[in-house]
Amino acid sequence: MDFNYTEEQLALQDTLRRFIARDYPFEHRRALAKSADGFDREAWKTFADFGILALPFHEDFGGLSGNAVDTMLIMEMLGRGLALEPYVSAVVLCGGLIRDAGSAAQKEALLPAIAGGELMLALAHFEPGARYELDHVATTANATGSGWQLDGAKAVVLGAPSADKLIISARDGKGLSLFLVDAKAPGVTLRAYPTQDGARAADIKLTTVTVSTNALIGPAGNALPAVERALDYANAALCAEAVGIMSALNEVTLEYLKTRKQFGQPIGKFQALQHRMADMVIATEQARSMATLAAVRVDSRDAAERSRSVAAAKAYVGAQARFVGQQAVQLHGGMGVVDELNVAHYFKRLTMIGLSFGDADYHLGRFSDTLLAA
Amino acid sequence: MDLNFTAEEQLFREEVRSFLRAKLPGEISRKVLGGKHLEKGDFVRWQRILHAQGWGAVAWPVAHGGTGWNAVQQHIFDEECADAGAPLQLPFGLKMVAPVIMAFGNPAQQQYFLPRIIDGSDWWCQGYSEPGAGSDLASLKMRAVRVNSPEGDHYVVNGQKTWNTLGQYADWIFCLVRTSTEGRQQEGISFLLIDMKTPGITVRPIIMLDGEHEINEVWMEDVRVPVENLVGQENKGWTYAKFLLGHERTGIAGVGRSKRELKKLKDIARKETANCLPLIEDQRFRDRIAQVELELMALEITNLRVISAEGEKRAPGPEASILKIKGSEIQQMLSELKMQALGHYALPYVEEALEAGWPGDALMDGYGDYAAPLSGQYFNIRKTTIYGGSNEIQKNIISQMILGL
Chain A
3 MDFNYTEEQL ALQDTLRRFI ARDYPFEHRR ALAKSADGFD REAWKTFADF GILALPFHED
63 FGGLSGNAVD TMLIMEMLGR GLALEPYVSA VVLCGGLIRD AGSAAQKEAL LPAIAGGELM
123 LALAHFEPGA RYELDHVATT ANATGSGWQL DGAKAVVLGA PSADKLIISA RDGKGLSLFL
183 VDAKAPGVTL RAYPTQDGAR AADIKLTTVT VSTNALIGPA GNALPAVERA LDYANAALCA
243 EAVGIMSALN EVTLEYLKTR KQFGQPIGKF QALQHRMADM VIATEQARSM ATLAAVRVDS
303 RDAAERSRSV AAAKAYVGAQ ARFVGQQAVQ LHGGMGVVDE LNVAHYFKRL TMIGLSFGDA
363 DYHLGRFSDT LLAA
Chain B
9 MDLNFTAEEQ LFREEVRSFL RAKLPGEISR KVLGGKHLEK GDFVRWQRIL HAQGWGAVAW
69 PVAHGGTGWN AVQQHIFDEE CADAGAPLQL PFGLKMVAPV IMAFGNPAQQ QYFLPRIIDG
129 SDWWCQGYSE PGAGSDLASL KMRAVRVNSP EGDHYVVNGQ KTWNTLGQYA DWIFCLVRTS
189 TEGRQQEGIS FLLIDMKTPG ITVRPIIMLD GEHEINEVWM EDVRVPVENL VGQENKGWTY
249 AKFLLGHERT GIAGVGRSKR ELKKLKDIAR KETANCLPLI EDQRFRDRIA QVELELMALE
309 ITNLRVISAE GEKRAPGPEA SILKIKGSEI QQMLSELKMQ ALGHYALPYV EEALEAGWPG
369 DALMDGYGDY AAPLSGQYFN IRKTTIYGGS NEIQKNIISQ MILGL
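As they're listed, the protein sequences go chains A and B. The opening residue of the first sequence carries number 3 in my numbering; numbering runs sequentially from there. The opening residue of the second sequence carries number 9 in my numbering; numbering runs sequentially from there.
Chain A on its own, in the form it takes in the complex (with noise of 0.2 angstroms):
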């Protein structure tokens, strides 16, 4: 039992909130969000330097062969500067895929690239109206002489616009495979659009697109583990930048009440917002109790343990994230309805978080299932 982080996550934590605070303020961010990439190149470049792409990838294909805490700890940091960088669809999700499911080859051309910040990848996986349901998939993948021709639509693929190459989910004839795209490939069309919380995303179109054999990652047909891995990977690190995202909205909300005055004294005075802010504070720290749980066991060997945890977590996070957003809104009254304030942009995050990769009551549902069996 310990729940100290060691002195490199230490360190790693203090330089990521120095860059936030010196290179990437609210108004930075803010303007970054109506630019044409909608997130900043340069901080891509920096976060290469950090080292924070390549930590979760092995040393042998340029990473720092760290762990879901060390993940965990960037993402409360990346939450706390509403950072708009992909990092999460493009190291999390689609690293994690090619660092658990590609070939030797596959690790050894993409990870150093990766790690380095010189490729971006994004997940085409969900589709419209498949929702939540990983195994809903209509794209198909049918084989030709030379490799596959997949055709079909993906919807709300994160990270897209930014993408060098997407890894694309179809159905073949006996199952889901996985393929690696170009995203300027012939065939591929996208809707690229800003989401609600100023990143960006796009709907795809996939017509008579042409891979080759060697553009299959992992085992044909067989990929539904390595993708409910995969997000699992990526609902953890959402569960951390939650928890990052209401622990500043707390602070912001804390000192709010300490100097906004009404009745000619501070609103912190009245015990109905009193209750209200400690309510807020209780929220957060057992949302982090359950991130960290998410955390360590998603890690884990076993894929029962790994993803009844992350469902957990992602159910629990996000009805506490709900509720802190709502609250630190409703706390700072007109303030917290304008876009000039920090207040509104933290609660609009949260609730794409919440949204995103299964909301609470899908992970719940996944969680109460488990009951079933035990």
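One or more of the hints may lead you astray.
Unchecked claim - If you want a taste of the chain B side facing chain A, the calculated C-beta under 7 angstroms gives, among others: (1) Ala15; (2) Thr210; (3) Ile214; (4) Ile215; (5) Arg313.
What the hints assert, rightly or not - Some but not every residue of chain A turned toward chain B, in silico, with C-beta under 7 angstroms: (6) Asp4; (7) Phe5; (8) Ser67; (9) Val71; (10) Leu256; (11) Ile269; (12) Glu287; (13) Met292; (14) Val298; (15) Ala314; (16) Ala362; (17) Leu366; (18) Leu373.
Quick caveat, the hints were computed from the structure, so don't treat them as lab data. Since we're looking at a predicted model, the values are computed, not measured. Just so it is clear, CB atoms sit at the ideal spot from N, CA and C, and this is done for glycine as well.
Position chain B against the provided structure of chain A, taking the given hints into account.
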């Protein structure tokens, strides 16, 4: 960052488990696990068994007969005791008055009282709340006037205490009394140890909503208390009272007991049926179990975070309030769901079914042995968000001590 117990801690857990298997009497654990009535003798017998093992007061310093276990070990001990169905070691002597006597009592008090607490000789109860002093405890009025007398200096105590838990069994009561009306109300309070056999003390039962006699009013009329029974200094009692309230952290969340009750809830949901299927297959009900389980998983880790920080001698701080709030809410959710799992079979109030060894009633088909206590427990457990500083007071503490509002 590591959520696993160490190999040493696992060994320790095994040691506690095998002790419980060998020494916890089955007739007691069956009562605890079945929600049946416990008698005074059950509590005392278990305390003596623990004491014989050297585990009578695990949190005390070794010098006074404690174990020297760290906070994680104490947590493991709590968890295993709860799981095995050991009776709760009542806190009033072990966890409330004893630490005050250790910290502020004189050597004579320490030598007399502490061994009698740990070996189960004395049953202690608490004299804090009064009819007019609940959450606003410092407004208490029970008066103690010092009288110098040739037979020995003493205090004469007059007034009324209430919400006194199990005082009907008690040998001693620790009381907050008013020794001065000067200055701030906190500054005129003293901490007295009073023998319950002293003339002038009357204990009157308060029957709780579940029909049980668990709490009392305690009236004091010209009760003479030797000055030797004053703890620490006169008029400094408020400091000791606050020390007492903030002292106990491991165990405040009740994680061990709630884990046991969650298991029981799942068992009941597997036995009861809805639409001819086990209730647990009803998604609406199962999701509610899942939601409590998530709360409990989070609290278990939050609790361990607090405990580990304490183990490293970081200042414990008011996060105990978070544990109290969440712990009590979870106990209430669990007790409510257990009752709800029974549906309308939770309506009968069959007193005899609360006694150990009730043979059941052939004329009551839908009424399993586990059914009898569940409604009563639900009603009883409403107290948890009220006692020990109501959850609203805990939120005041968080606002003021953690947040500085």
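Hint check:
no., hint, verdict
1, Ala15, "violated (12 angstroms)"
2, Thr210, "violated (38 angstroms)"
3, Ile214, "violated (29 angstroms)"
4, Ile215, "violated (32 angstroms)"
5, Arg313, "holds (5 angstroms)"
6, Asp4, "holds (4 angstroms)"
7, Phe5, "holds (5 angstroms)"
8, Ser67, "violated (16 angstroms)"
9, Val71, "holds (5 angstroms)"
10, Leu256, "holds (6 angstroms)"
11, Ile269, "violated (10 angstroms)"
12, Glu287, "holds (6 angstroms)"
13, Met292, "holds (5 angstroms)"
14, Val298, "holds (5 angstroms)"
15, Ala314, "holds (6 angstroms)"
16, Ala362, "violated (10 angstroms)"
17, Leu366, "holds (6 angstroms)"
18, Leu373, "holds (6 angstroms)"
The structure fails to meet hints 1, 2, 3, 4, 8, 11, 16 from the earlier list, while all remaining hints are met.
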